[in-house]
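Undergrad: Assemble chains Y, D and R onto chain P, guided by the hints.
4 protein chains.
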Amino acid sequence: MLELLKEKVLVANLDLVRHNLVVFTWGNASERDRETGYIVIKPSGIPYDQMKAEHMVVLDANGKSVEGELKPSSDAPTHVELYRQFKEIGGVVHTHSEWATSWAQAGKNIPAYGTTHADYFYGEIPCARALTREEVETDYEVNTGRVIVEIFESLDYMSLPGVLVHGHAPFTWGKDGKDAVDHAVVIEEVAKMAFRTEVLGNRIPIEQFLLDKHYLRKHGKDAYYGQQYD
Amino acid sequence: MLELLKEKVLVANLDLVRHNLVVFTWGNASERDRETGYIVIKPSGIPYDQMKAEHMVVLDANGKSVEGELKPSSDAPTHVELYRQFKEIGGVVHTHSEWATSWAQAGKNIPAYGTTHADYFYGEIPCARALTREEVETDYEVNTGRVIVEIFESLDYMSLPGVLVHGHAPFTWGKDGKDAVDHAVVIEEVAKMAFRTEVLGNRIPIEQFLLDKHYLRKHGKDAYYGQQYD
Amino acid sequence: MLELLKEKVLVANLDLVRHNLVVFTWGNASERDRETGYIVIKPSGIPYDQMKAEHMVVLDANGKSVEGELKPSSDAPTHVELYRQFKEIGGVVHTHSEWATSWAQAGKNIPAYGTTHADYFYGEIPCARALTREEVETDYEVNTGRVIVEIFESLDYMSLPGVLVHGHAPFTWGKDGKDAVDHAVVIEEVAKMAFRTEVLGNRIPIEQFLLDKHYLRKHGKDAYYGQQYD
Amino acid sequence: MLELLKEKVLVANLDLVRHNLVVFTWGNASERDRETGYIVIKPSGIPYDQMKAEHMVVLDANGKSVEGELKPSSDAPTHVELYRQFKEIGGVVHTHSEWATSWAQAGKNIPAYGTTHADYFYGEIPCARALTREEVETDYEVNTGRVIVEIFESLDYMSLPGVLVHGHAPFTWGKDGKDAVDHAVVIEEVAKMAFRTEVLGNRIPIEQFLLDKHYLRKHGKDAYYGQQYD
Numbered sequence: 001m002l003e004l005l006k007e008k009v010l011v012a013n014l015d016l017v018r019h020n021l022v023v024f025t026w027g028n029a030s031e032r033d034r035e036t037g038y039i040v041i042k043p044s045g046i047p048y049d050q051m052k053a054e055h056m057v058v059l060d061a062n063g064k065s066v067e068g069e070l071k072p073s074s075d076a077p078t079h080v081e082l083y084r085q086f087k088e089i090g091g092v093v094h095t096h097s098e099w100a101t102s103w104a105q106a107g108k109n110i111p112a113y114g115t116t117h118a119d120y121f122y123g124e125i126p127c128a129r130a131l132t133r134e135e136v137e138t139d140y141e142v143n144t145g146r147v148i149v150e151i152f153e154s155l156d157y158m159s160l161p162g163v164l165v166h167g168h169a170p171f172t173w174g175k176d177g178k179d180a181v182d183h184a185v186v187i188e189e190v191a192k193m194a195f196r197t198e199v200l201g202n203r204i205p206i207e208q209f210l211l212d213k214h215y216l217r218k219h220g221k222d223a224y225y226g227q228q229y230d
Numbered sequence: 001m002l003e004l005l006k007e008k009v010l011v012a013n014l015d016l017v018r019h020n021l022v023v024f025t026w027g028n029a030s031e032r033d034r035e036t037g038y039i040v041i042k043p044s045g046i047p048y049d050q051m052k053a054e055h056m057v058v059l060d061a062n063g064k065s066v067e068g069e070l071k072p073s074s075d076a077p078t079h080v081e082l083y084r085q086f087k088e089i090g091g092v093v094h095t096h097s098e099w100a101t102s103w104a105q106a107g108k109n110i111p112a113y114g115t116t117h118a119d120y121f122y123g124e125i126p127c128a129r130a131l132t133r134e135e136v137e138t139d140y141e142v143n144t145g146r147v148i149v150e151i152f153e154s155l156d157y158m159s160l161p162g163v164l165v166h167g168h169a170p171f172t173w174g175k176d177g178k179d180a181v182d183h184a185v186v187i188e189e190v191a192k193m194a195f196r197t198e199v200l201g202n203r204i205p206i207e208q209f210l211l212d213k214h215y216l217r218k219h220g221k222d223a224y225y226g227q228q229y230d
Numbered sequence: 001m002l003e004l005l006k007e008k009v010l011v012a013n014l015d016l017v018r019h020n021l022v023v024f025t026w027g028n029a030s031e032r033d034r035e036t037g038y039i040v041i042k043p044s045g046i047p048y049d050q051m052k053a054e055h056m057v058v059l060d061a062n063g064k065s066v067e068g069e070l071k072p073s074s075d076a077p078t079h080v081e082l083y084r085q086f087k088e089i090g091g092v093v094h095t096h097s098e099w100a101t102s103w104a105q106a107g108k109n110i111p112a113y114g115t116t117h118a119d120y121f122y123g124e125i126p127c128a129r130a131l132t133r134e135e136v137e138t139d140y141e142v143n144t145g146r147v148i149v150e151i152f153e154s155l156d157y158m159s160l161p162g163v164l165v166h167g168h169a170p171f172t173w174g175k176d177g178k179d180a181v182d183h184a185v186v187i188e189e190v191a192k193m194a195f196r197t198e199v200l201g202n203r204i205p206i207e208q209f210l211l212d213k214h215y216l217r218k219h220g221k222d223a224y225y226g227q228q229y230d
Numbered sequence: 001m002l003e004l005l006k007e008k009v010l011v012a013n014l015d016l017v018r019h020n021l022v023v024f025t026w027g028n029a030s031e032r033d034r035e036t037g038y039i040v041i042k043p044s045g046i047p048y049d050q051m052k053a054e055h056m057v058v059l060d061a062n063g064k065s066v067e068g069e070l071k072p073s074s075d076a077p078t079h080v081e082l083y084r085q086f087k088e089i090g091g092v093v094h095t096h097s098e099w100a101t102s103w104a105q106a107g108k109n110i111p112a113y114g115t116t117h118a119d120y121f122y123g124e125i126p127c128a129r130a131l132t133r134e135e136v137e138t139d140y141e142v143n144t145g146r147v148i149v150e151i152f153e154s155l156d157y158m159s160l161p162g163v164l165v166h167g168h169a170p171f172t173w174g175k176d177g178k179d180a181v182d183h184a185v186v187i188e189e190v191a192k193m194a195f196r197t198e199v200l201g202n203r204i205p206i207e208q209f210l211l212d213k214h215y216l217r218k219h220g221k222d223a224y225y226g227q228q229y230d
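Protein chains in written order, with the working numbering: chain P, 1 to 230; chain Y, 1 to 230; chain D, 1 to 230; chain R, 1 to 230.
By construction, these hints were calculated from the structure, which means they are not laboratory data.
This list has only true hints and no planted wrong ones.
If several chains are the same, the list does not tell them apart, and a pair holds so long as it fits within one copy or across any two.
DSBU-like, lysine-lysine: derived pairs with alpha carbons at most 35 Å apart:
hint : residue 1 : residue 2
1    : Lys87     : Lys64
2    : Lys221    : Lys64
3    : Lys221    : Lys52
4    : Lys52     : Lys213
The model shown is predicted, which means the values in this text are computed figures rather than measured ones.
With the rest of the complex left out, here is chain P:
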C-alpha cells in the first residue's frame, strides 16, 4: 500500500540526516496521501542507517495504524493533529535541530531579521505557549499539536510553515514531505543567524515592505524567482 509514498517518506527522513538536522533517531518526517488521506510516517526508534521504505507505517486520518508492524514515531499524534487542522498541508517534519531547538528552549519567537527569513517565512516564527500540566500528563502528543494549532488561529500556516514548541523543538510543514524538510533546513539556518544578529546588538526586524518583497517574489501569483516549471 502506498509503496511510492513510503519511498518518498524514507527519502525525506534520510534528508534530515544529510542536512545535519538529527542526532540518533531524534527526528521524523511524514507525508499525507492526497487521495486516501492516509499518513505515511517513520517508525519509532529505528536507526536511520537501517531504515527501509518497508518500515514506514501507514496511519489513517485519525492516527490508527492501517499497515505496518512497527510502531509509528511517538510524535505521530502531533503529526495527525496538524494534518487534521491544516487542510492544505501534505508533509510534516519534527527535529531537534540545534539552533531552532535553542530558541524553543529559550521560549522565544524568531524575528524576521533578514531576507533569508523573508524568502520562506512571512513574519516571525512563533513559539507556541508552554503546555499545562494537564496537557502534558494526558494525551501529550495530541496536545502538542493542539497548542500549535491554537497559535495559528491568528496566523496563516501556509505562509508561516513552522513553529517552535516551547521547551521542546521545531515542527515544520509544507505541501509535501520534501517541502517540510526544506522548511526544517531554513528554520535552522535563520535561527542560527538570528542568534548572531542579536549578539551583534540588533533586535529590530526588517521593514514590512522588505518582508513583502522577498516573500512575494518567491511565493504567490506574482512570484518571479526560479524557472517557470518550478
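TA: Here is chains Y, D and R on its own, set in the frame of chain P:
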C-alpha cells in the same frame, strides 16, 4: 581473554571519534564483563587510527592489569572507582568534548532546558566539586572518581548517567560501553543547546511534569518510545 | 557563445558550495567577458547538483538576455548594475553565507580587527544603507546595486571588494569570478572572527600602519607575497 | 638536499589542512635540521593541493635561501628568528586558525581554564605586545619574531609552546614540525573552549596544583601518560 568484549570496547572508542567527541587521544571508553567483573579499557596514548582490539587492556575489579602489555588509559583508576561504586553500570566513557568541557571549565551544572535533555537525563547534569590540593597530589585519578561518587550520594546515577568534573571534562556511563557512548553524545548536544539558551536570555529549566513525561516515556516500565524489542 | 566562460562561471558557482557558503540555491556567481562586455550568470533556482555549463545565461551590458532559455538569477540586475558602475571588475558573487549575513542583518560594518582582514580588505567592510520603501517596491534588484554603488562613492571598490546589503547579505567582486569567490570566502571568515573578537571584549580595529603593511605586501606594485608569476 | 625532511615538512603543512586550521594558503610549517641547522619551509602562496615535497625551500640559519627556486613563505623571517632564539625547538607553525586568531584580535592571553589546556601548556598562553609603527614598517616579519621572543624572556618557551601575535594570529613550535602542528591544534581547541567558558560566566583559571598535575603527568621525568616508548 574476553576477545568479544575487546572488540566491543574498540568499537565504543572508535565511535567517540565518529561522533567528533575526541581530538588526538583525548578520550577513553571501557566496559565491564558481567561474569568476571573484569574491566576492558583503551590503552594510554595510542592513536585511534592504529588501535586494534588486541591493544585493549584487561583490569580486575581493583584496577590491577590482568592481561595486555600496554598500559591502560591514565584515567583507568577513575573508571575502576565508578564501576566499584555504581554497581549497575556496565560501561564508562571520558572525553574532552568541546561543549561539555566548556561547562566543566565554567564549573556549572547543565540545567534541563528542554526535552532533548529530559529524554536522557532526569534532572540537571551536575558538576562535581573541585578537588582539593591533597586529592590532586595523591591518587588523583582515584579521587576524581570519588568526587563523582560523592555528588551522587544524593542523586540517582542510573537516571543521571553523566557528570562534569570541575575544570576538567565530562564522564558518562550506562548499561554497557555503547550506552555510555550514547550518553557522551547527548551530554555534548545538550551542553551546546543549553549554552545558546542562556545566551538567548533564558535560565529557567522546563517544568518538572514535562521532565517526567519525556524521561518516563523513554525509560522505566511505562516507556512507549521505540519498538518492543528496544 | 562564450562556452569557456560558461565553464568558468559554473566552476565559480560550484566553488561556493564547496566552501560551504550556500544552502539550497541561495547564491550566484557571474563573470564579465572583457571583449564583448557580456555577462555570464547562473540561472535562477536550479539546484547546484544538476547545474551544467550550458545552463548559464548570457546577458548584455544592460542585462538583456542574449542567449540561454533559462531565466537568469533573480539577482542579475544587481550584478549588471555593479558591472556598469565598477568598470575594473570582472566577477560578482552573492551569497547568504551565515556569518557575513548575520552582520548584514545587524546592519553593522565589519571592522578590520586583524591582519587576515587586512590581507584582502583595505579598511572596514561597509554595510550599505537600508533601501527605502520606494527602492524596494520598484526595481528592487537594480536599487540594491545602486545603494552599493552609492556607499562606494567615497570608497575604493578595488581595495574593498565586498559589501553587506542591509538586512540581506554580502556581495563581493574581483578581477574575475574566481577572485569574487575568494572574497566571498574571506568576508565569511573575517565576519566570523570579528564576531568573536567583539564578544571577547575588543572593538578597536588594528592600527592603520599594520593595515597598510598587510594589504600592501599582498597588493600593489611593492607586493612580496606569493611567487612572481602570481 | 634534506629530501626526507622536505617530505616531513610537506606532511606537516598538509596536516594543517586536515585539522581545518587553514583557509587557502594562510598557514605555514617548517622544521629545522639538527645537524646542519638548515630550515625547511613551505613556499609562499602555493595552493596546498598542488604542493609537493620538491617545492619546499631550504634556508640557512640566517634565512638565506640555500636551495629551491620558489620564494619561501613570507613569514619565513619570523620562523628564522624563533629558531635563532629558541635553541631547543625543531619545528614552527603559523596559522590563522579561527578561534586562536579571534583571541589574538582581541589582544588577550588565553587563561588556563581547564586540564585540556594544562596537558599541553603550562600556564596561560600569552598574547605578545602590539608592534610599533617602526617595527611594522621596517623588517616586519623579523620584528614579529622579536616581540615573541621578548615576551618569553620571563617565560619558558618549552613548556609554553605557542603565542598569540597581537591583531594577527598564533605561532606555535615544538621539538619538530609534527609537534608544532599538534600545538597548533591544541591552541585552537583551548581557545574555543576558553571563549565559551568566559561566555558562561567564569574567568577564574584552574588552581596551580591542578595545572602542575596535568602538565607534569604528560611531560618531564615523572610523566606517566602514554606508553613507555612514547
